[in-house]
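**Q** Every letter in the sequence shown is one number past the one before it in numbering that gives the first Met the number 0, and letter 42, counting from 1, is 41.
To be clear, the hints were calculated from the coordinates, so they are not data collected in a lab.
Here the structure is a predicted model, which means the values were calculated and not measured.
Careful: at least some of the hints might be erroneous.
[As the list claims (entries may be wrong)] Dumping the calculated DSS-like pairs for lysine-lysine here, alpha-carbon to alpha-carbon at most 30 Å: (1) Lys54 / Lys2; (2) Lys123 / Lys20; (3) Lys123 / Lys139; (4) Lys139 / Lys121; (5) Lys123 / Lys54; (6) Lys2 / Lys91; (7) Lys54 / Lys121; (8) Lys46 / Lys121; (9) Lys98 / Lys2; (10) Lys20 / Lys98; (11) Lys123 / Lys46.
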Amino acid sequence: MGKGVRNLAETFSRHVTTMYKTIFQIVFTLVLSSLSIASLWVGIARKSECPIQTKIPTWLIVYGSIGITTSLITIVGAIIKCLCCSSEVAEKGCDLCVKLINAPFGLFAFVWLILGSVWVFKVKPTVQFNDSMLNTYCEKQMFNFIFGIIIFSYSCIGLVCCCICCVSCLAILCSHDDDDDN
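Please build the complete structure, drawing on both the sequences and the hints.
**A** What follows is the structure, given as structure tokens:
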């Protein structure tokens, strides 16, 4: 009887933990997707307000669409994992499946970031925000928004790279300490 109760308690604990992880993942994903929603909205609302580089609103629309799509895939994957994956092996399979589906979107988003950078930084020295009749005009809030997104994205990429380097160095140092103990 004691073993059955312990197994039931462990199973219940695993389900509760999975549920809390899922809720956190969904909330976190929704918060992150707010930038994608804003990008989509700004791109659609101001589609014809940047004659200096007509691809800037398109960049915002595609960027927002990719972000929303990956967010939805992540949320659906988290819900499926919570409802259908009762074992750790199944949970890892669900996580892997979501990562494999999102990977092409991530690669496309990175390439799209580089394209957006080229389009924005190429016109930055000559863009003006006052006379909408000139072909050097771009709506100021939209241009600053996309510029901010690009800078923020590169900052996040740099931060992730620094964290990976620090963790790798720490792992190497710890493995050398273990070798010295033996």
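**Q** For every hint, state whether the structure bears it out.
**A** So, going through the hints one by one against the coordinates:
1. Taken as a hint, the Lys54 and Lys2 pair is broken in the structure, with Cα atoms around 64 Å apart against an allowance of 30 Å.
2. A threshold of 30 Å between alpha carbons decides the hint, and for Lys123 with Lys20 the separation of about 43 Å lies outside it, so the pair is violated.
3. Straight-line distance between C-alpha atoms of Lys123 and Lys139 comes to about 11 Å, which keeps the hinted pair within the 30 Å bound.
4. Of the supplied pair hints, the one linking Lys139 and Lys121 holds, its CA atoms being roughly 16 Å apart against a limit of 30 Å.
5. Restraint check for Lys123 and Lys54: the C-alpha separation of about 14 Å stays at or below 30 Å, so the hint holds.
6. Using a Cα cut-off of 30 Å, the hinted pair Lys2 and Lys91 holds, with the two alpha carbons roughly 26 Å apart.
7. A distance of roughly 12 Å separates the Cα atoms of Lys54 and Lys121; the hinted pair therefore holds under the 30 Å criterion.
8. Restraint check: the Cα-Cα separation between Lys46 and Lys121 comes to about 19 Å, which is no more than 30 Å; the hinted pair holds.
9. For the given pair, Lys98 sits about 36 Å from Lys2 by alpha-carbon distance, which is inconsistent with the 30 Å threshold.
10. For the given pair, Lys20 sits about 16 Å from Lys98 by alpha-carbon distance, which is consistent with the 30 Å threshold.
11. Distance check on the hinted pair: Lys123 and Lys46 sit about 18 Å apart at the alpha-carbon level, within 30 Å; holds.
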